[in-house]
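Trainee: Chain residues, written in single-letter form:
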Amino acid sequence: MTVVYGIVPAETPLDGVPAGIGGAPVGRVVSGGLAALVSPVEGDELRATRRDLLSHSAVLERAIAAGPVLPLRFGIVLRDEDAVANELLEPRHAELTALLERFERLVELRVKAFYDEDAVLREIVRSDPAIAGLSEATRDAPEVATRAQRVRLGEAVARALEATHDRDSRAIFGRLRPLAEDIVVEESESSLAFTASFLVDRGRVEAFDAAMDELAREHEGRITFKYLGPLPPHSFVSLAGEA
Amino acid sequence: MASIATRGTASNYLQRAPSPSGLADVIDLILDKGLVIDAYIRIAVIGIELITIDARIVIASVDTYLRFAEQVNRLDLTQTEAAGLAELRDGGGGDGKGKGMIEGAKEAFSRDDDKERQTSKKD
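Protein chains in written order, with my numbering: chain F, 1 to 243; chain H, 1001 to 1123.
Hints are computed from structural coordinates only; laboratory data are not their basis.
Note that this is a predicted model, so its numbers are computed, not measured.
Treat the hints with care, since some could be wrong.
Facing chain H, a subset of chain F residues (Cβ under 8 Å, in silico) [to be verified]: (1) 125; (2) 153; (3) 167; (4) 212.
Backbone N, C-alpha and C define an ideal beta-carbon position, used for all residues, glycine too.
Construct the entire structure; sequences and hints are all you get.
Mentor: This is the structure:
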């Protein structure tokens, strides 16, 4: 079996590409100006181990440093290298070539923001008299007797947090949006964090860096930013007919 | 406030990395994003969906409200903004407990080297 990591222009050099899944060397299958980055895997099954997930990612990170790459999801496996050429690169040639052209200068920058919980909660208590009042009333009272009030307090805090979250994410992502060709804001898993990916021209990465610096300074003490990239455009690639 | 304008070191509150450093980042990126070539084999990843579902359920529960209430009532409101920042900078607020529940779950998962059958975290 052959696992496929991504599609690159055929002339992309492979120097420095780390070992792939299971430690197997990464090679390429070339067809019509396109190259699939591949490696052999044993057996009929891939296990998503930590090491193999990291390997898949590392191969793609190296590739994006060398030029454009269309990243595949983890776990796309074909019968053998011939199948990669005959069943993937050839029938999809026009579409893959067009995608590579479209993403030629584009990389993904990924921004995650995490609230410092205490800092943002302090803001909320200070700015909302109802919350401050409930907190005052329950703070030193016995837990059992004030359970209903504490649930109300928590509910109000959760709502306020949601509002703060929406306001901040709109403002922050709104500032970054003009520097990008496209944006994907992810559905929030938590009201204490938010995430978006930006599709950015390589020539504007530096401007994006500067904007991130500014945002981090403005929100120092209340929001920590985790800023990843340049990455392959994971969040932005798709083929026709893909679910 | 000290202003250090050097790129990447402007603030402790900006962690810049050229590539995903941990499993949580990688899972985020390569398990449900990227090209899918229809009709080819994909693997099933055991355990990860479980964590996501578990975390979503937890968010809007009474337990969460009580947790927020407890946390708000623990806050030292006499603390000034500036003092708060100083405390944070000195690491007073950075004990990792301040991370969201979901991040906590993901980190727990990340540390679980090579084990796919991660069970849901307990709270």
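Trainee: Next step is simple, just say for each hint if it's right about the structure.
Mentor: Status of the hints after comparison with the structure:
1. The interface hint given for residue 125/F holds, since its Cβ lies 6 Å from the closest Cβ of chain H, which is under the 8 Å cut-off.
2. A distance limit of 8 Å between C-beta atoms decides the matter here; for residue 153/F the minimum to chain H is near 4 Å, and the interface restraint holds.
3. Taken as an interface hint, residue 167/F does not check out: its beta carbon lies about 18 Å from the nearest beta carbon of chain H, beyond 8 Å.
4. Because the closest C-beta pair between residue 212/F and chain H is about 6 Å apart, less than 8 Å, the hint holds.
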